[in-house]
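There are 2 protein chains.
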Amino acid sequence: MDLSSFLTSLGTSFAIFVILMFLFAWLSGKPGNAVVYYPNRILKGLDPWEGGSKTRNPFAWIKEALTSTEQEVIAISGVDTAVYFVFLSTVLGILVLSSLILLPMLLPVSVTDTGDTTTNTTTSHGTFSDLDKLSIGNVQAKSPRLWAFLLGVYWVSFVTYILLWKAYKHVSDLRANALMSPDVKPEQFAVLVRDIPAVSEGPNRKDQVDSYFRAIYPETYYKSLIATDNKVVNKLWKELEGFRKKLERAEAVYATSKTTGSPGGTRPTNKTGFLGLCGAKVDSIEYYTEKINETIPKLEAEQKATLREKQLNAAIVFFTSRAAAAAAAQSLHSQMVDKWTVTDAPEPRQVLWPNLKIKFFQRQVRQYVVYIIVALTVVFYMIPITFISAFTTLDNLVKLIPFIKPVVRQSALKTVLEAFLPQLALIIFLALLPKLLFALSKAEGIPSQSHAVRSASGKYFYFTVFNVFLGVTIGGTLFSTFKEIQKNPSLEKIITLLANSLPGNATYFVTFVALKFFIGYGLELSRLVPLIIFHLKRKYLCKTEGELKAAWQPSDLGYGTRVPGDLLIITIVLCYSVIAPLIIPFGVLYFGIGWLVLRNQALKVYCPAYESYGRFWPHMQVRILAALLLYQVTMFGFFGVKKFVYAPFVIPLPILSLIFCYVCSKKFYRFFKDAALEVASHELKDIPNMEQIYKSYLPPSLSSEKVLDDDQFEDAKSNVSRTTSFA
Amino acid sequence: MDLSSFLTSLGTSFAIFVILMFLFAWLSGKPGNAVVYYPNRILKGLDPWEGGSKTRNPFAWIKEALTSTEQEVIAISGVDTAVYFVFLSTVLGILVLSSLILLPMLLPVSVTDTGDTTTNTTTSHGTFSDLDKLSIGNVQAKSPRLWAFLLGVYWVSFVTYILLWKAYKHVSDLRANALMSPDVKPEQFAVLVRDIPAVSEGPNRKDQVDSYFRAIYPETYYKSLIATDNKVVNKLWKELEGFRKKLERAEAVYATSKTTGSPGGTRPTNKTGFLGLCGAKVDSIEYYTEKINETIPKLEAEQKATLREKQLNAAIVFFTSRAAAAAAAQSLHSQMVDKWTVTDAPEPRQVLWPNLKIKFFQRQVRQYVVYIIVALTVVFYMIPITFISAFTTLDNLVKLIPFIKPVVRQSALKTVLEAFLPQLALIIFLALLPKLLFALSKAEGIPSQSHAVRSASGKYFYFTVFNVFLGVTIGGTLFSTFKEIQKNPSLEKIITLLANSLPGNATYFVTFVALKFFIGYGLELSRLVPLIIFHLKRKYLCKTEGELKAAWQPSDLGYGTRVPGDLLIITIVLCYSVIAPLIIPFGVLYFGIGWLVLRNQALKVYCPAYESYGRFWPHMQVRILAALLLYQVTMFGFFGVKKFVYAPFVIPLPILSLIFCYVCSKKFYRFFKDAALEVASHELKDIPNMEQIYKSYLPPSLSSEKVLDDDQFEDAKSNVSRTTSFA
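Residue numbers (full-length UniProt numbering), protein chains in the order written: chain A, 1 to 727; chain B, 1 to 727.
Careful: at least some of the hints might be erroneous.
Any copy will do: because identical chains look the same in the list, a pair fits if it lies in one copy or spans two.
[Said to hold, decoys possible] Derived pair list, reagent style DSSO-like, types lysine-lysine, alpha-carbon separation capped at 30 Å: (1) K359 x K166; (2) K166 x K357; (3) K30 x K339; (4) K339 x K166; (5) K549 x K304.
No lab work stands behind these hints: they were computed from the structure.
Keep in mind it's a predicted model, so treat the numbers as computed, not measured.
Construct the complete structure from the given sequences, taking the supplied hints into account.
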């Protein structure tokens, strides 16, 4: 890639970003779009436009984002979101501090050297570019100027350590503050009990669990909720909900027809066959009313049967104090670890009920099987991606699809295509994976959604780093050196190879980063896609208020793919930070603009689907360190390639990174796994309503009033009177 | 070594053993020796001779040992001892079951082959011996007979898995029964708190600890005992005790002189100078009385000062219920892991007070430093041991020390010396190490004696296996192949080398095992050394009852060296079990006689110094598995040396061993680390006397009545009234 196509790529990206930003300013001001641009505020019952004026400065959102405090973010979007901003600002800090030293120090050192013409590491895929003059490629081998680059590696590393340490401390405090808040949160009073041993003759599961825990916690035990196999009851409940929605819709259609058409209106009809396309034509309102009346008794019977006969070997157990629940979640209860496993309870909304019944050793086996599958996926996706990046050069495309030749002949278009094509292929390709990884993570037997998201996100990170970063970097020179590696596949060789191919791909990755933030954050901010979908739905599909609300219902921030994406950028920017320091400003822009745009989105658009009180942080921290480690190892290899005799001076850094990681996880990590008792024992605002806490864990398909008064809840009630007298 | 010297060695060992056994039968019948042969029974207030008759069958002790139950062992010597017998009987079971298949299967297969003359793996250090006909050395390379040996490896492995699984379960139950016993044990009501953060102005440490724990455990917190720096007070207290003993002794001497000498008696005198050898001569009784009167006020002042001013950052915290203490010991208390570290409390008698103040990260650093030191020791002791085993052949000795030549010339003596010399050097050499390892383990910052013993024992095991087993085996052929290894030091090479040199050392290790059990257990049973020392002390040194009691005070079983010794034997026997199956009967004898002799000693002689409720077991189990793994890996190499093409069929075994180890530790281990709440919540016989529990943790140097009524105990008393009203 030469300088002109590089600049074209940047310019185009920037132009698109500016257009999208103005589009956002214009569209978000229209009242009809408020539900697309301010859904979170509307759901929280707040005024979409804080100031009240709709004719605003198009950059007002920037000011609002900048002036918002962390407490506001926590209040409106939860601790997890606040932790994500700590992550963004920490990385931003690392890059800004790095650039303050690296840019003034390394650029002059590179540009004033006479150029390294002895090796061919400087040529960007064959074409010598002006950009390379600003990179380490311009420095001669064995040159004492390499000392500056080595110092650069140290500077970046220490900046990373210091900021990560501060961030870990800060996030730990955020978590502590959230956990010691005086508000009642059901999950702080509950623990999740799995692997309950089979009941022998006599007592049922509820009695078994009750007597077990009451013996251990005579004072603080409240009651238990046995997990049940809800497959059938969920299906019936969904059917019922579906009928209710359709009835509502039919009534709305009927009401509309009264005002627009004949005064008596036309009663809507539908066909009873497959997908409403065939079968007998019936009156919708009557038909669905009848269906609802049919389903309700079925559901109620199934609810009773589920509660009585489909009890599983897991339960949610409730305590009357937070400290008791926190201590119970950390303690071994049974002599055998694979019986009565007690862990902290997830939030009610994020419990993965179907996973609860999976037994202890099955969970272990599933975990390892999933790891092996993921490892195979990570390694062997390399082959298709190498093919894709080999195919998606413009010259190849022309050869393969000759009829695009006339399009390509136009010089301006060609430059744009040349700049974007390989990256676009990559981005589209990566979009296919996260769902698979999330499903795999769920298959491990993880009991909560947030944990599954974290797990999937971790897998996705290793995938992207291995395939995008290493794949593209080595892939560029892969075919030529593949045989060489095959001959002697040692780690040393791979590092050397990586170091050799890094400089050639610097401009590639600069455009990759630029594309990601300009286009990605432009689309994010303008919400063009959700806007169009919403308007289409409103016009052609939605008939009732409920349907309209569902059409603009915001999603959550989607950490599962967002965080690995950010981490990939960090990896790329860190690894090139010393080789081609010009990449750092782009990294700063990525995280700076990202912080701004997402602050806006977090405050106004997205609704978090769960709250894990910052448990995502240790994952992010470890992966930032993994990126740093990769960077340090690569730089060691790179200095070796440059025949710099002081290259071994880099060796202490990877060791230091490992020690830093160890110390951090020793000091901070356990609090992210377990709730500290000094935090959990803080006083509550008022005495918790235990019955409400208990009910919040009932799945909606089981929580009709009729059932609650019945069956397994009868003996539970005797507990209530007992324990309330205690409290 | 040829057959005759081998048989001589065995015969001599056996003869010595028989002599020692009869000596034991004779000596133990004499009433004056009761305190040497039955000290544990006497200390427990039991009749030394159960039946009452002193003229017993010399083999009565065998019957008594065999008929004793596990419950008796637990009652008289504790759970740790019972667990040690589970260990012995498990290993015995493994060896017996192995021999049942291996001996009838492998011996005929070996002996009927025509002999492997193509390789020189069969020669025992140059001399072809008849014994080798019974080993795998007699089987030709590539022979299909090797299938039998391969099956043998599988048989031994599966027998080990099954018996270890059963034993783990059994030990877990033993531990559970001990922990749920209705008797009050102070350590079950206490936790050890370390890394208490520095107190700011205002509250003292006691208030700090009290308020911290009372907030978290409003109902179950009793009170706390702050650890103090007892160096000075301990020294004073020891001085005082010394003076008291000397006074008692002087008075006893005076009383004796009255009856034997002049009617007025001679008042004993002593010199006040260095070691009582110089200085002014004074009247002992007056002198020591005066000294005691001087020291008491000093001690009391120091006790007060210690309690008030020398408080450390650690404490023992007491709870009113076992379950509360067990849960607290497993829970994270502070947001930062390195503050308020709470673990289970060791027994009062085994707390290592000086270690308590060591801080969290310092403990981590110390641990790694100790590991590095031990690793260096393990690896580089190899050099001296190689020299020793090279020197201690008889021929070498004669060359070095010419004047022993006439002794050696006698043929019978020569054979004996040839058989014993190398082994004796080894045994003496190994006796020097355990104390160093124990000191190193204590330096890690471990808070309890039993933990330090376990840690030292683990280190000693790796040392002995690496140095004795691998060192001697490879050492024999080391000098010839050293250069070859140096050229290409791969793991593969080392395994091949080990496999190559194994058969040559078979008879060496058979005699080593025989020597260990015949002489070792003979001396153990007859207690010749303690007997002689006791009688000497009684005759020449002891003047008072206290001194006499101290002279026969029994030691504990000394797991620190005993267990690694047994484990070394297991390693040796397992590794040779298939190569030279004749070693198995010797292994059976070792553990069979060991079980008998030690059962006798545990019931009658040794007094355990601590009780860890079977925590030693996971260490032993892992190390038996390590021995099995070494065996499997070695056999893989050995089949390779025999050019057996189906050698890869051994590969599943090491993998299986690792999986087995993982599953065991997952399922059982945590209960050995933490007390399960279902166990701890069992009911007590009666309401525990909390004040007594608290006092049992006071170091003796601080527990004079005067102090208890004072100072830090004042506010503690207010607690008592508060909590007893609650209970």
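Comparing the hints with the structure gives:
no., hint, in the structure
1, K359 x K166, "between (39 Å within a copy, 22 Å between copies)"
2, K166 x K357, "between (40 Å within a copy, 27 Å between copies)"
3, K30 x K339, "neither (59 Å within a copy, 54 Å between copies)"
4, K339 x K166, "between (40 Å within a copy, 18 Å between copies)"
5, K549 x K304, "neither (32 Å within a copy, 74 Å between copies)"
The structure fails to meet hints 3 and 5 from the earlier list, while all remaining hints are met.
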